[in-house]
Amino acid sequence: MNLKDLLLQEYKNFAPTASKALPIALREESMKQFSEWGIPTIKQEEWKYTNLKSILETPFKLNDSNGKAEGIQPYTIDAYKLVFVNGVWNTSLSDIKGIEAYATLKSISEAEPAVLAKYFNKFHPFQDGLQASNLAFAQHGIYLHVAKGKELPKPVLVYFLSDTTQGPILAQPRNLVVLEQNSSAKWIESFQSTGNDTSFTNIISEFFLHQDSRLEQYKFQQENDKAYHVGTSQVVHLEKSYSHSAVMTWSGALVRNNLNIHLGAEYCEAHLYGLYLGSSNRHIDNHTLVDHAMPNCYSNELYKGILDDQSTGVFNGKIWVQKDAQKTNAFQSNKNVLLSAKATMNTKPQLEIFADDVKCSHGATVGQLDEEALFFLRARGIPMAQARLLLMQAFSDDVLNKITIPELQEEITATIAQRLRP
Amino acid sequence: MLSIKNLQARVEEKEILKGINLEVKAGEVHAIMGPNGSGKSTLASILAGRETYEVTGGSITFEGKDLLELSPEDRAREGVFLAFQYPVEIPGVSTINFLKTAVNAIREYRGEEVMDAVSFLKMMKEKTKVVDIDETLLKRSLNEGFSGGEKKRNEIFQMAMLEPKLAVLDETDSGLDIDALKIVANGVNKLRSKNNAVIVVTHYQRLLDYIVPDYVHVLYNGRIVKSGTKELALELEAKGYDWIKNENTAV
Numbered sequence: 001m002n003l004k005d006l007l008l009q010e011y012k013n014f015a016p017t018a019s020k021a022l023p024i025a026l027r028e029e030s031m032k033q034f035s036e037w038g039i040p041t042i043k044q045e046e047w048k049y050t051n052l053k054s055i056l057e058t059p060f061k062l063n064d065s066n067g068k069a070e071g072i073q074p075y076t077i078d079a080y081k082l083v084f085v086n087g088v089w090n091t092s093l094s095d096i097k098g099i100e101a102y103a104t105l106k107s108i109s110e111a112e113p114a115v116l117a118k119y120f121n122k123f124h125p126f127q128d129g130l131q132a133s134n135l136a137f138a139q140h141g142i143y144l145h146v147a148k149g150k151e152l153p154k155p156v157l158v159y160f161l162s163d164t165t166q167g168p169i170l171a172q173p174r175n176l177v178v179l180e181q182n183s184s185a186k187w188i189e190s191f192q193s194t195g196n197d198t199s200f201t202n203i204i205s206e207f208f209l210h211q212d213s214r215l216e217q218y219k220f221q222q223e224n225d226k227a228y229h230v231g232t233s234q235v236v237h238l239e240k241s242y243s244h245s246a247v248m249t250w251s252g253a254l255v256r257n258n259l260n261i262h263l264g265a266e267y268c269e270a271h272l273y274g275l276y277l278g279s280s281n282r283h284i285d286n287h288t289l290v291d292h293a294m295p296n297c298y299s300n301e302l303y304k305g306i307l308d309d310q311s312t313g314v315f316n317g318k319i320w321v322q323k324d325a326q327k328t329n330a331f332q333s334n335k336n337v338l339l340s341a342k343a344t345m346n347t348k349p350q351l352e353i354f355a356d357d358v359k360c361s362h363g364a365t366v367g368q369l370d371e372e373a374l375f376f377l378r379a380r381g382i383p384m385a386q387a388r389l390l391l392m393q394a395f396s397d398d399v400l401n402k403i404t405i406p407e408l409q410e411e412i413t414a415t416i417a418q419r420l421r422p
Numbered sequence: 001m002l003s004i005k006n007l008q009a010r011v012e013e014k015e016i017l018k019g020i021n022l023e024v025k026a027g028e029v030h031a032i033m034g035p036n037g038s039g040k041s042t043l044a045s046i047l048a049g050r051e052t053y054e055v056t057g058g059s060i061t062f063e064g065k066d067l068l069e070l071s072p073e074d075r076a077r078e079g080v081f082l083a084f085q086y087p088v089e090i091p092g093v094s095t096i097n098f099l100k101t102a103v104n105a106i107r108e109y110r111g112e113e114v115m116d117a118v119s120f121l122k123m124m125k126e127k128t129k130v131v132d133i134d135e136t137l138l139k140r141s142l143n144e145g146f147s148g149g150e151k152k153r154n155e156i157f158q159m160a161m162l163e164p165k166l167a168v169l170d171e172t173d174s175g176l177d178i179d180a181l182k183i184v185a186n187g188v189n190k191l192r193s194k195n196n197a198v199i200v201v202t203h204y205q206r207l208l209d210y211i212v213p214d215y216v217h218v219l220y221n222g223r224i225v226k227s228g229t230k231e232l233a234l235e236l237e238a239k240g241y242d243w244i245k246n247e248n249t250a251v
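Here the protein sequences come in this chain order: A and B. Okay, so the first sequence: first residue is 1 according to my numbering, each after it adds one. Okay, so the second sequence: first residue is 1 according to my numbering, each after it adds one.
By construction, these hints were calculated from the structure, which means they are not laboratory data. Be aware that one or more of the hints could be misleading.
[To be verified] Short derived list, chain A residues pointing at chain B, Cβ under 8 Å:
no., residue
1, 379
2, 381
3, 383
4, 384
5, 386
6, 388
Computed from a predicted model, the values in this text were never measured in an experiment. Just so you know, even glycine gets a beta-carbon here, dropped at the ideal spot from N, CA and C.
If we strip away everything but chain A, and leave its shape as in the complex, we get (with noise of 0.2 Å):
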């Protein structure tokens, strides 16, 4: 059966059983339009270089509770700590005491229907199939809701674990991090696997940013290489507020990583970095998109990547700024090294501007490691692999240092520079 179909006949399952905190008729809906739409295919503009076929056939298991947390890799950092395994929340290894302090967390199938009403799936600029079923299966998943004026003591830290021991899985988490009025938080996902099977997730957070609140949000993908990832992170800015976004992938086989940020009033800023490693045949996407509403805006965007073998990467940054958007300050860079001949890039900035009072810039390129500086280092002493390494190391950095937690900083550097020795 191929995953449509697959999934067609799950919610058939799913929907007597499904959180009514959520109508049933926006599932119902939502599932008509997949049922529509189906899985993404190339043949769409924003699907035009990453291909999701060679999973459609997959046997792919859902929601299995049964799943192990065993085997994840924990950071060493002190932080509220979430488990999902398999798309399920496993209240048992969670750690979140103390937090009621300074905010509500619980499932978002446990979300009072009028929180849902008002901040809930209120942001989707380019929506596909994959979306709607996340949307109708939305089920699992945090919602967080920081109170007005309090500021998390701990990161939030939530770990996705896809244990493939007993078989292909499929997740589709749904989250929801709502930050009143002057508060703050850092929330982190970490994508880990175990088993040698595949696994998909099909993965939504969203985050609404009340005025003069402030965002911390990062996410690593570390799972095996077979792994199939869908991440999408919504972001909605109200006056004032901050967002801090840093997504860093190092490993799968497929990773789509969609970064949408609205600034929909005035005053907001949103920094965006990406880092990306791409070895053997590992396909990364990044799709951001910063939607500049309204005025007196600044959005700063950098992703960087590293491709060896035959690793493929795709970025995609579009930059709006709508009619009403003057005094626009946004900038984008994307800077890609290539190491092998057969490695690929495919960048495309897409910068729509209809104001005219704005400050744009954009720039992309494609390279290999400074021929020059990797000479003058060897002509220093530095044998050729450690000098390759040390101008990896300082390539990276530049979005590694966006990580403002020092020791998580520290712990994923340390990481990424295991990932880049040869």
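Based on these hints, arrange chain B on the given structure of chain A.
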């Protein structure tokens, strides 16, 4: 220490060196002068192992070893140092960062113990005095945003840190004002000893007022056409390179 015999080299189809002979002994300073395009920088680059040049004949022996057989890194570890004519900028790599790797790569090659962070920093502090370089510069990305003088001083600082047996200074004077030139020359002089040797590649005599050579060679059209002592540099300065050119076309 260094023996170059009948060295010939080309880049792509163009012959640049047409049979160079040069003997350098420990403790000596040799200046190699010559007009633009004579092959001076090619010679310096070949000594360091730059791969854009193809050696088509001759030999280079360094401390009894066939230098041409060695990779650039092994030449450096054997004690050859090239001060670059155009110092490289490397974003994200600080001088301290790569020097620590370099110092230890060289020590490892020589079978010496790896230097710990404390001893390294102590050594660095001492050596900054040689060329009077600001320590904060060394923590920044290599040569990024440095002035011409700072870049050249950084090259000599690296030389001080790596303690080479043979230093090749490729037009280290180019782009320097007189004050910077004095600082750089002074740094080189402090590092001179009876155990090491220096080859100064330069277009102008000016630098040789401060780094006084034992021998001066004039390179023209891929060959050394004149050798002498420091007086030869002064004669060149007085008569200009046309003197050499005319003499050699006449032959």
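Here is what the structure says about each hint:
no.	hint	result
1	379	holds (5 Å)
2	381	holds (4 Å)
3	383	holds (5 Å)
4	384	holds (7 Å)
5	386	holds (6 Å)
6	388	violated (12 Å)
In summary, the one numbered hint that this structure violates is 6.
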